[in-house]
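Undergrad: Protein chains in written order, with numbering that gives the first Met the number 0: chain A, 0 to 405; chain B, 0 to 405; chain C, 0 to 405; chain D, 0 to 405.
These aren't lab readings, by the way, just hints derived from the structure by calculation. Don't take every hint at face value.
Across the chosen pairs, the derived CB separations fall in these ranges [to be verified]:
{"no.": "1", "chain 1": "D", "residue 1": "Glu-82", "chain 2": "A", "residue 2": "Ala-259", "range": "50 to 58 Å"}
{"no.": "2", "chain 1": "D", "residue 1": "Gly-339", "chain 2": "A", "residue 2": "Gly-282", "range": "33 to 41 Å"}
{"no.": "3", "chain 1": "B", "residue 1": "Arg-45", "chain 2": "D", "residue 2": "Glu-49", "range": "52 to 60 Å"}
{"no.": "4", "chain 1": "A", "residue 1": "Pro-6", "chain 2": "C", "residue 2": "Glu-338", "range": "47 to 55 Å"}
{"no.": "5", "chain 1": "C", "residue 1": "Thr-46", "chain 2": "A", "residue 2": "Asp-91", "range": "26 to 34 Å"}
{"no.": "6", "chain 1": "D", "residue 1": "Gln-403", "chain 2": "A", "residue 2": "Asp-61", "range": "43 to 51 Å"}
{"no.": "7", "chain 1": "A", "residue 1": "Glu-49", "chain 2": "C", "residue 2": "Glu-99", "range": "50 to 58 Å"}
To spell it out: a stretch of chain B is covered by chain C in this simulated footprint if at least three of its residues, at any positions, have a beta carbon under 8 Å from a beta carbon of chain C; those stretches are [to be verified]:
{"no.": "8", "segment": "9 to 15"}
{"no.": "9", "segment": "106 to 115"}
{"no.": "10", "segment": "276 to 283"}
{"no.": "11", "segment": "307 to 313"}
{"no.": "12", "segment": "321 to 327"}
{"no.": "13", "segment": "393 to 404"}
Quantities reported herein were computed from a predicted structural model and do not represent experimental measurements. Every residue, glycine too, gets a C-beta built ideally from N, C-alpha and C.
Protein chains: 4
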Amino acid sequence: MPHAAQPSGTVVAEGHLIDSQLLTGIFDLVIERGGAFEVLAFAIGRTNDEFSRLTLKISAPDEAALTSLLEALIPLGCHAAVEENAVVRVADRDRTAPEEFYSTTNQRTQVRLDGRWIDVGRQRMDAAIVVTEAGAECRKLRDLRSGDRVVCGLAGIRVMPEFRDRDRADFAFMSNDVSSERRVEASVARIARMMRDVKAGGRRIAFVAGPVLVHTGGVPYFARLVRGGFVDVLLSGNALAVHDAEFALFNTSLGVDLDAGTPVAGGHRHHMRAINIVNRAGGVAAAVRSGVLSSGVMFECVRAGVPIVLAGSVRDDGPLADTITDIVEAQDRYAAALEGVGLVIVLSTMLHGIGVGNMLPAWVPVVCVDINPAVVTKLADRGSSQTIGLVTDVGLFLHQLAGQLA
Amino acid sequence: MPHAAQPSGTVVAEGHLIDSQLLTGIFDLVIERGGAFEVLAFAIGRTNDEFSRLTLKISAPDEAALTSLLEALIPLGCHAAVEENAVVRVADRDRTAPEEFYSTTNQRTQVRLDGRWIDVGRQRMDAAIVVTEAGAECRKLRDLRSGDRVVCGLAGIRVMPEFRDRDRADFAFMSNDVSSERRVEASVARIARMMRDVKAGGRRIAFVAGPVLVHTGGVPYFARLVRGGFVDVLLSGNALAVHDAEFALFNTSLGVDLDAGTPVAGGHRHHMRAINIVNRAGGVAAAVRSGVLSSGVMFECVRAGVPIVLAGSVRDDGPLADTITDIVEAQDRYAAALEGVGLVIVLSTMLHGIGVGNMLPAWVPVVCVDINPAVVTKLADRGSSQTIGLVTDVGLFLHQLAGQLA
Amino acid sequence: MPHAAQPSGTVVAEGHLIDSQLLTGIFDLVIERGGAFEVLAFAIGRTNDEFSRLTLKISAPDEAALTSLLEALIPLGCHAAVEENAVVRVADRDRTAPEEFYSTTNQRTQVRLDGRWIDVGRQRMDAAIVVTEAGAECRKLRDLRSGDRVVCGLAGIRVMPEFRDRDRADFAFMSNDVSSERRVEASVARIARMMRDVKAGGRRIAFVAGPVLVHTGGVPYFARLVRGGFVDVLLSGNALAVHDAEFALFNTSLGVDLDAGTPVAGGHRHHMRAINIVNRAGGVAAAVRSGVLSSGVMFECVRAGVPIVLAGSVRDDGPLADTITDIVEAQDRYAAALEGVGLVIVLSTMLHGIGVGNMLPAWVPVVCVDINPAVVTKLADRGSSQTIGLVTDVGLFLHQLAGQLA
Amino acid sequence: MPHAAQPSGTVVAEGHLIDSQLLTGIFDLVIERGGAFEVLAFAIGRTNDEFSRLTLKISAPDEAALTSLLEALIPLGCHAAVEENAVVRVADRDRTAPEEFYSTTNQRTQVRLDGRWIDVGRQRMDAAIVVTEAGAECRKLRDLRSGDRVVCGLAGIRVMPEFRDRDRADFAFMSNDVSSERRVEASVARIARMMRDVKAGGRRIAFVAGPVLVHTGGVPYFARLVRGGFVDVLLSGNALAVHDAEFALFNTSLGVDLDAGTPVAGGHRHHMRAINIVNRAGGVAAAVRSGVLSSGVMFECVRAGVPIVLAGSVRDDGPLADTITDIVEAQDRYAAALEGVGLVIVLSTMLHGIGVGNMLPAWVPVVCVDINPAVVTKLADRGSSQTIGLVTDVGLFLHQLAGQLA
């Protein structure tokens with residue numbers, strides 16, 4: 000029960016508060032942070048379809064703690080019962096924000112300007128909100144310019160957490176924890192259905208893949224996905240393209256013959272030769288056009304017109320002429336490619352998977368496939384309930400998936 | 000170079016000393032343990048087929064260190080240049096050996112009795128060697144009886160390490176390290192070929208499996224292996240049988256519907272119900288005969304006459320009437336079932352896999368499949384180069400394997 | 000909204016329904032299993048201290064589905080709004096239950112007999128409930144005898160799930176997920192505080208440990224815990240005792256000198272020698288009394304009068320004379336030793352950790368320390384929110400813990 | 000035995016062929032690749048100090064296979080018995096090599112020019128060898144310029160593999176496999192000794208660290224290493240600096256209070272605030288000078304004059320002004336910083352660890368500490384026997400290490 004003598008405030012939240020565990024989260028947070036609460040009103044949704052609505056009085060030992068607590072409640076969908084406009088301050092130098100800037104989550108967000116709630120565009124996490132003539136949108140700190148009008152503090156900000164939808168066919172599936180002790184075939188069938196649904200809905204599917212796709216023998220199956228129209232964009236790094244080219248040119252991956260499973264003579268030099276050959280040809284697309292590359296992931300994507308974005312990293316060999324060596328540019332290219340996708344499938348790459356996760360709004364589902372449960376857990380932890388983890392071999396996964404989608 | 004003033008001895012080793020890395024191992028060991036060596040003679044095999052032969056003088060700081068060093072060299076195939084008879088002492092009480100008893104490795108071993116080298120029977124690791132009227136054989140400490148004649152010390156003992164055979168088709172494959180970044184399909188093809196070869200040679204194949212076989216959807220594929228005659232004995236524990244029965248009776252595994260991938264109502268009680276039902280029927284075989292069980296791993300094995308040995312453990316529910324609750328008896332039953340097998344395939348069970356590894360002679364190849372690389376490494380570390388590790392999903396592995404063997 | 004035409008029932012639940020996520024769980028379950036619900040009444044706890052109370056009408060497509068659904072809701076604390084007596088049937092043969100027996104969870108349970116709700120004794124999961132003259136208690140299937148009166152079906156059963164207590168100091172800590180990216184020192188401080196609290200409350204602490212305790216150098220630190228009175232019972236297997244004896248006798252663990260970190264000559268035989276020596280001495284306690292063992296985990300426990308229970312397994316070498324080879328007896332001895340403990344600490348042993356988890360009621364907190372996150376996750380999954388996982392090195396953990404408790 | 004009818008060649012190798020397992024490797028390789036060999040001469044080192052010398056005739060089915068086989072033998076120290084000069088071709092365009100360029104390993108290499116063997120400078124793997132006026136040196140493909148004289152083919156190239164030195168104190172330690180079942184304290188003592196030896200020898204120590212250093216509470220212990228003079232350069236990425244600044248400014252890491260082990264209100268925004276604050280201050284060094292940062296890893300390094308190189312990646316937040324966003328520049332800066340280091344210690348960062356491994360010559364020892372054995376294995380696999388892996392918690396490792404070095 001709030002202390003009468005302590006500073007207090009009243010917040011409101013509404014939606015599927017129970018199924019989405021928001022109600023639990025709200026109460027937990029208040030207690031964890033040393034506050035107290037009193038339920039002023041709670042109207043429970045009588046059926047699965049109805050919303051619930053909570054009005055909550057919150058107190059904390061001092062004003063600073065109360066502010067911090069109210070801030071922490073925003074991502075859980077709480078907003079002040081009394082509506083205020085957002086506070087906007089002008090950035091005084093390029094690439095930095097006023098100190099008290101509001102840092103976004105990846106949930107749908109609205110700001111109140113001149114008495115009206117407006118949607119924030121280009122939603123992503125860890126951005127500032129800039130008010131423009133056209134409205135408001137997320138902008139990374141490095142893209143701020145002196146003079147930009149930046150939303151500060153907590154007033155006039157409203158977040159609408161993704162509600163879990165119990166009626167969705169994949170509800171239980173999406174709620175599953177990460178485990179390697181699962182029947183993969185059932186999970187693949189679900190993912191195949193999600194992919195068909197996304198395509199049927201006219202939305203795009205992005206794949207984010209590491210070189211393990213090649214090492215584990217996934218190339219022919221991924222090629223079938225591309226030909227089937229299930230790959231709309233491929234986000235990766237230098238290594239996938241290098242090992243794909245090595246496989247196309249020498250039939251090895253890291254010098255290992257994938258049919259025999261054994262190293263071949265001189266194979267450890269194949270990936271450097273592959274880089275040199277592709278670069279001599281003028282890059283991946285030119286190598287495909289000139290017939291230097293006539294099979295593989297890159298070949299299929301170029302032929303099908305699927306855009307490929309390769310982000311560089313400090314461990315790259317070469318790199319290929321196509322690899323974007325500046326990571327700020329690479330992030331911008333990734334973000335542009337992800338605009339409006341309906342599904343993201345991450346295959347064995349923690350680095351690029353986290354990069355993509357940072358950019359996505361909370362409502363885009365992500366499937367993460369890796370044989371290492373720690374990677375799956377780490378990717379799932381970053382997002383919300385939007386991530387489905389599958390602990391299995393990527394080559395066999397693609398084999399099964401291509402079969403299901405055939 | 001051995002110190003003139005230090006105690007020294009001369010040993011001989013012969014065989015594929017280079018390819019099997021015995022030569023390296025011998026030299027390393029001497030230096031690691033603070034000794035010194037001088038190569039008195041070394042005849043290298045000129046071609047891949049020829050044996051090499053080494054005569055080595057070894058010194059150590061004192062007699063105890065020399066003895067310890069010579070002992071450590073035995074498993075590497077070194078034996079004293081001057082041949083002596085083995086020392087035999089009589090056990091003075093049941094279940095324990097004389098303190099200086101020779102504890103075996105899993106390599107082929109000979110003892111010298113009355114001037115003749117004879118083979119030690121029932122080779123396994125961590126046993127004593129008992130001299131009987133018929134010859135000599137490995138015997139576990141707990142099976143020793145007062146009056147048994149036990150080989151002690153190091154004299155008159157000769158170990159013949161398994162040589163790696165470079166000409167064997169699977170040489171490079173067998174030498175592979177554990178990695179999840181491999182093309183599983185290539186490895187499965189090799190394993191399928193090994194299985195056909197073993198069967199063609201008239202030898203038996205033992206499977207050692209944990210309940211993950213059921214959880215990951217492997218049951219129908221394992222059933223095909225049984226029907227194809229590729230399973231000669233199944234070693235497992237209570238859990239596999241329980242979850243197999245649960246799947247046969249309720250179509251769930253740990254309460255999860257394997258087709259839908261989701262839990263079903265009351266499913267968490269299914270495994271206890273399954274135990275009760277099977278036990279009411281009088282055990283697994285009776286349940287199959289009476290039609291209570293009409294599908295699954297147990298059903299297929301019973302129908303095909305494949306012996307099943309279920310070893311109990313402290314985490315068992317139930318247990319089933321078939322589960323051997325005394326682990327000494329279970330080990331004996333395992334060991335009897337493994338007599339003369341030509342290949343062992345371990346599917347996701349560290350506990351039973353280690354148990355089996357303890358019993359096998361070094362010349363029986365072991366394939367170990369687990370999605371956790373640490374398990375594969377641990378099983379591989381215990382044996383010699385005999386173990387092939389494969390890091391992948393057991394359900395998909397069995398799917399592929401059944402396809403390859405169809 | 001429940002279909003008017005479908006069979007329906009009304010259930011009641013009360014308690015900390017929101018913080019313990021029971022409300023979410025109840026609604027989710029109904030939808031997942033194809034049912035529908037209508038909230039007839041919901042009184043929310045206005046403050047953190049107050050209980051909430053829910054009255055819920057539930058429908059399902061047919062009577063069987065409804066029964067199954069109502070059964071699944073029991074562990075979430077739902078019981079029929081209309082109270083009935085439990086149905087009791089007589090077991091018709093030893094070691095098996097009537098088919099429709101109620102299989103317990105590890106949560107506090109009551110049964111209604113002759114119009115009165117009585118507590119079920121010896122609460123554990125996966126047991127039957129037997130009605131005796133004195134009341135009702137959990138009994139394993141194998142302990143049932145013909146003539147026992149067994150609770151069947153769902154009527155007259157009430158489960159009180161453990162409520163998470165937000166006011167407990169360790170609330171947030173207990174809610175943490177498994178991660179290796181944590182500051183271990185902070186977690187150790189919490190665990191040390193829990194241990195002091197448990198002892199101050201007059202309750203006992205059970206350790207469940209694998210041989211990794213020895214391999215990772217934890218022996219001297221564990222010894223300090225024993226001497227400090229923080230170990231009331233030690234549950235383990237043969238391997239811990241063997242490697243502890245090996246370390247005490249030869250200063251090696253699996254043949255590795257723990258100071259130098261390198262193998263010593265003949266070391267691979269040390270564990271077999273250790274078994275033989277201890278068994279010759281007449282077992283662990285006799286070996287301590289006669290001075291054969293003069294340091295180590297076993298020595299400290301024997302000297303301090305801490306009971307040790309060693310459960311056998313199929314991978315055991317030896318075994319030691321002290322190892323209980325029958326796993327049914329071992330389970331019974333474990334269960335007796337755990338009677339009334341206030342805290343369980345599991346150190347790197349999945350096998351014994353799961354065994355213990357099966358026996359514990361839900362209200363005993365369990366700390367699980369393992370360097371493999373998969374083990375921690377697996378142990379945590381089995382229980383409820385009672386398990387705290389810590390991913391770290393056991394040797395360093397014990398070093399820190401002994402320091403904190405000094 | 001080589002076929003008389005097949006093409007053949009004769010190679011020579013000398014050195015510690017047995018202890019370094021080169022002899023085994025050479026023979027294995029010939030057989031694996033379908034060739035045959037005949038030992039023309041083998042002089043074994045009689046003692047541990049003496050070199051061995053091998054002359055080997057090799058045949059293969061055709062000229063292409065023979066060339067490929069001879070090429071594969073180069074890294075094992077084999078060179079043609081008949082000495083030829085290296086073939087040098089002129090690069091015809093920037094950033095690419097002639098197709099038949101020789102791609103280097105990280106082992107010491109010599110090329111024969113005008114009848115003289117000269118050392119190749121700046122040894123690293125996956126580079127071309129460019130002949131300059133001053134001699135010959137490794138150069139990455141992207142640094143090649145039209146007109147550069149590039150070594151092609153295999154003639155006139157000689158590689159001197161690192162020999163394992165059995166007499167080195169840490170010989171056995173260095174040979175250890177990766178395992179989490181080790182006594183970490185013993186390993187830390189060895190590493191501390193190596194660090195003292197390297198510093199006593201006047202060489203530098205490079206640390207390569209990920210943000211887990213901060214999350215696991217390692218900051219105060221790392222600070223002690225910096226103050227003790229044991230850190231000569233720090234190679235990392237954006238995340239370490241961000242989380243270090245977050246910890247210095249807010250006492251949290253990823254929003255978690257490291258003392259309490261629990262999240263604090265608003266903590267998820269701390270890392271973005273930290274980036275903004277440091278960037279407003281003009282970067283890390285400026286933030287230290289102006290007192291904005293007054294503790295932490297960055298603070299200590301700046302104060303002690305330890306160079307910090309932060310390489311960007313696609314998952315970076317911000318990034319900080321100090322982060323090098325172009326990965327080609329970052330690689331060059333890493334390589335320059337690593338010039339002449341005597342020891343590299345990698346703490347929980349696969350990305351930067353692999354990047355560093357790509358640049359190092361084979362004779363620089365690398366210690367890799369990670370709680371995930373797969374990371375340790377992956378880093379160890381890339382190098383040679385130079386990598387020591389330690390599976391443990393980074394925070395506790397640094398705690399122990401700082402204690403040992405105090």
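Undergrad: So, for every hint listed, does it hold in this structure?
TA: Results of checking the hints against the structure:
For the pair Glu-82/D and Ala-259/A, the supplied restraint of 50 to 58 Å is violated, since their beta-carbon distance comes to about 34 Å. A hinted range of 33 to 41 Å for the beta carbons of Gly-339/D and Gly-282/A is consistent with their spacing of about 36 Å. Restraint check, Arg-45/B to Glu-49/D: a C-beta distance of roughly 22 Å breaks the suggested window 52 to 60 Å. Between Pro-6/A and Glu-338/C the beta carbon distance is about 49 Å. The supplied range of 47 to 55 Å therefore holds.
Our hint of 26 to 34 Å for Thr-46/C and Asp-91/A is violated, since their Cβ atoms are close to 45 Å apart. Remark: the range hint 43 to 51 Å for Gln-403/D to Asp-61/A is upheld by a beta-carbon distance near 44 Å. At roughly 36 Å, the beta-carbon separation of Glu-49/A and Glu-99/C lies outside the given 50 to 58 Å, and the hint is violated. Residues of the segment 9 to 15 of chain B lying with their CB closer than 8 Å to a CB of chain C number 0, which falls below the three-residue condition for coverage.
Only residues whose C-beta sits within less than 8 Å of a C-beta in chain C count toward coverage, and the segment 106 to 115 of chain B has 0 of them, not enough to reach three; the restraint is violated. A count of 3 residues in the segment 276 to 283 of chain B with a Cβ less than 8 Å from any Cβ of chain C is obtained; the coverage claim is therefore met, three being the minimum. Note: the segment 307 to 313 of chain B has 4 residues with beta-carbon separation from chain C under 8 Å; the three-residue rule is met and the coverage holds. A stretch counts as covered by a chain when three or more of its residues have a beta carbon under 8 Å from one of that chain; for the segment 321 to 327 of chain B and chain C the count is 4, and the coverage holds.
Under the rule that three or more residues need a Cβ within less than 8 Å of chain C, the assignment of the segment 393 to 404 of chain B is violated, with 0 such residues.
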